[in-house]
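Peer 1: Residue numbers (our numbering), protein chains in the order written: chain A, 2 to 339; chain B, 3 to 510.
Please note: incorrect hints may appear among the correct ones.
Distance condition first, Cα-Cα at most 20 Å in a straight line; then the derived EDC-like pairs of lysine to aspartate or glutamate [unchecked claim]: (1) A:303 to B:353; (2) A:118 to B:201; (3) A:242 to B:353; (4) A:193 to B:450; (5) A:193 to B:187.
Calculated directly from the structure, the hints in this document are not laboratory data.
One-letter residues, chain by chain:
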Amino acid sequence: MARFRLLGRALACAGLAAAVGFGSARAAQAAWAPSKTVEFIVPAGTGGGADQMARVLQGIIQKHSLMSQALVVINKAGGAGAEGFLDVKGSARNPHKIIITLSNLFTTPLATGVPFKWEDMTPVAMLALDEFVLWVNAKAPYKTAKDFVDAAKAGAANEFKMGGTGSKQEDQIITAAIEQATGTKFTYIPYKGGGDVAAQLVGGHVTASVNNPIEAVAQWRAGELKPLCVFDGKRIPLTEKVTDTMSWGDIPTCKESGLDIEYLMLRGIFMGPGATPEQVAFYVDLFKRVRETPEWKDFMAKGAFNTTFMADTEYKTWLGKAAETHRALMEKAGFLAK
Amino acid sequence: MDALLSLVHGFGVLADPMNILYMFLGIFLGVLIGVLPGLGGANGVAILLPLTFSMSPVSGIIMLSSIYWGALFGGAITSILFNIPGEPWSVATTFDGYPMAQKGRAGEALATAFTGSFFGAFVATLLLTFLAPVIARFALQFGPAEFFAVYLLTFCSFVGMGRESPFKVIAAMMLGFALAAVGIDTVTGQLRMTFGSTELLRGFDFLVAVIGLFGVGEILLTMEEGLAFKGKSAKISPRVVLQVWKELPKYWLTAIRSAIVGCWMGITPGGATPASFMSYGLAKRFSRNGKRFGSGELEGVLAPETAAHAAGTSALLPMLTLGIPGSPTAAVLLGGLLIWGLQPGPLLFVEQRDFVWGLIASIYLSNVAGLIVVLSTVPFFAAILRIPFSIIAPVILVICAVGAYTVHNALMDISVMLVFGVIGYVFKKLSYPLAPLVLALVLGDMAESSFRQAMLLSQGNMSIFWANPLVGTIVTLALAMLFWPVLSAAMDRLRSPARSREAALPAK
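Modelling step: build the complete structure from the supplied sequences, incorporating the hints.
Peer 2: Below, the structure is given as structure tokens:
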């Protein structure tokens with residue numbers, strides 16, 4: 002650790018020298034830039050989706066020298082991410098701390114009653130949205146989402162087992178939404194990570210999953226799993242073949258298959274409360290430049306992400322709506338903390 | 003044959019001198035990371051991951067996996083010398099390793115640990131080379147019920163055999179379960195026993211507890227006993243290694259059993275930590291020297307280290323073939339694969355031959371390299387014991403504090419560590435065993451969630467634990483282990499009256 006702090010400091014000095022050199026030219030462009038190492042909080046454990054994205058960002062920023070200061074990824078996963086969010090909430094006017102969110106931004110406070118909400122922090126930008134796909138084992142008899150729903154309706158209550166990541170988070174919310182839309186009852190089994198869920202589905206321990214594309218793509222390509230529909234308003238705009246016969250774009254939307262559910266997970270950036278517009282502008286600009294790099298584009302395509310980018314008012318409006326949707330879905334499903 | 007050709011191909015990929023350089027660099031960093039408690043393999047790999055983005059995937063994985071092997075080797079060092087496990091999987095190594103060091107046999111213990119590690123890794127790598135696809139299919143059969151059965155087997159192979167009173171064992175274990183339950187409940191998504199405190203959201207991390215219980219606790223005990231390390235007069239020379247190698251073949255059965263347990267736990271994936279505990283428990287039960295375990299037996303060091311390294315290595319198998327990480331470090335490596343644009347899964351072996359076989363070949367080489375690095379440093383590490391206690395104790399305390407802080411970057415954890423230190427001291431004074439507490443703390447969480455997942459699947463029907471031959475066998479085996487002392491005592495009693503009656507008959 003110590004060694005890397007030192008390295009960071011050395012880089013910082015170099016950066017400072019560079020900043021002095023370019024001083025006059027730069028000052029006109031950006032009114033604010035970080036003056037020390039920036040902490041990048043991940044409100045989830047190492048190895049998960051948010052963590053991966055944060056480390057890709059760290060790598061890209063470092064490789065292309067997009068920032069004069071070092072960026073350090075710190076995992077604060079306690080209490081389904083509450084630890085990380087409370088840390089940022091408590092870091093008012095500290096522009097050297099940013100956080101990447103997943104849907105636990107909305108679900109954790111509702112499910113656990115830990116006091117924080119998205120308005121407690123300063124929204125910076127939406128980096129991407131994560132898609133969700135309804136998967137079943139390749140040997141299962143269902144060809145479409147409609148077949149699946151019909152079979153679930155015909156089966157006994159709790160006969161169909163849905164595997165998912167975590168409890169009262171995105172996967173279970175989608176499961177609840179399917180239950181509400183179809184009037185069937187699933188048994189939801191919470192697992193630790195998306196990789197576990199995909200493997201459990203291959204092993205036939207659960208009937209279906211709503212894994213993110215990146216979590217299940219390997220098993221899909223190996224002919225172990227098959228996708229039934231994607232929970233987005235329109236199909237994924239990727240036409241390159243992933244398996245011998247299908248591309249991401251060939252998966253119908255759930256709405257096309259008569260299951261009118263849309264759910265996308267936010268991959269966005271926030272800062273602590275009280276950040277100035279100049280500070281926010283610096284990070285928005287930083288992530289805009291990240292989006293231009295080939296590594297980021299490649300990462301987005303591999304994970305079949307929805308690459309919508311938002312900042313400012315547009316982002317805030319989206320957040321407000323998403324928070325409402327989550328509250329409504331979770332209230333209906335009875336997931337709210339008492 | 004196919005596998006052999008591929009392996010040769012893999013060594014070809016490895017022949018790049020830069021790759022060899024990355025390998026040694028990785029091993030060296032890994033040993034350092036392993037020595038520092040708290041800074042585990044997972045953290046170390048995560049920190050260094052971004053550095054590898056500019057390398058080719060093959061070089062990147064070679065360096066990162068070498069860090070992992072280094073950490074697996076290094077974890078044993080502080081366990082043996084100071085009773086402070088550098089890594090979770092080396093907790094079981096302290097049970098006999100530290101008493102050996104106290105008797106002045108630190109060099110022997112270290113040499114045994116490293117050799118065992120190497121043997122475990124070697125067996126696991128053979129498995130990875132020749133049986134990967136077959137074993138991947140086997141791993142898929144593990145659902146929640148099977149996972150619970152494995153955890154149950156770990157507990158059962160470990161309890162009911164200590165010298166302490168069974169009530170004290172149970173008390174310590176229950177305390178461990180209670181501490182493991184603090185934080186978020188993954189099955190319902192509710193907070194448990196956090197009492198509205200932000201600091202308690204994290205729960206009690208096993209590593210922080212272990213650093214406190216063992217490290218700080220040990221320093222407190224040593225201070226009471228006279229401000230000096232026992233065994234500091236130990237003479238250490240390279241000859242010790244040769245002596246140990248001469249003695250080790252005697253324990254071939256333990257070594258092979260531990261390697262099998264390790265491979266199995268790595269693949270299923272239970273992980274290196276349960277593997278080390280289970281293997282120690284089994285060795286204690288089945289070894290002729292079993293009764294002397296805990297007082298400094300070579301075999302008691304060999305068993306957990308062999309199993310831990312076998313499990314750590316074979317944990318790569320489900321990661322590569324299924325995309326399920328078998329250990330936290332494997333989880334971070336998995337993230338690395340995705341970042342390099344490689345998709346772990348059944349097709350990886352077909353589509354990325356260079357990568358997969360380069361990696362497998364590097365495991366052979368880097369474990370040899372690792373063994374050389376750590377064995378040649380045995381005298382150096384053992385020499386640390388000759389530093390006066392008054393100098394080394396504060397240094398150890400600082401390293402412990404840094405380690406506890408690094409786990410979650412939380413200042414609070416240092417206080418938690420100190421509290422655990424006092425608990426560890428009190429436990430020792432009242433002769434409560436620490437091992438059951440630690441075991442419950444590390445496995446309690448996983449055992450609980452797999453049990454509840456299984457109950458959800460079966461709608462509360464316990465018969466799920468005998469639903470198929472696989473799970474039924476493991477559960478029955480576990481129960482047999484648990485009641486073994488009672489059973490064997492009962493059998494003895496049945497047999498001895500019979501014998502005495504027989505003896506009495508002719509007299510009539």
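Peer 1: State for each hint whether it applies.
Peer 2: Consistency of the hints with the structure:
1. A:303 to B:353: holds (16 Å)
2. A:118 to B:201: holds (19 Å)
3. A:242 to B:353: The given pair, whose Cα atoms are some 15 Å apart, holds under the 20 Å limit.
4. A:193 to B:450: Holds - the C-alpha atoms of residue 450 of chain B and residue 193 of chain A are around 13 Å apart, at most 20 Å.
5. A:193 to B:187: With a Cα-Cα distance of about 11 Å, the restraint between residue 193 of chain A and residue 187 of chain B holds, given a limit of 20 Å.
No hint from the list above goes unmet by this structure.
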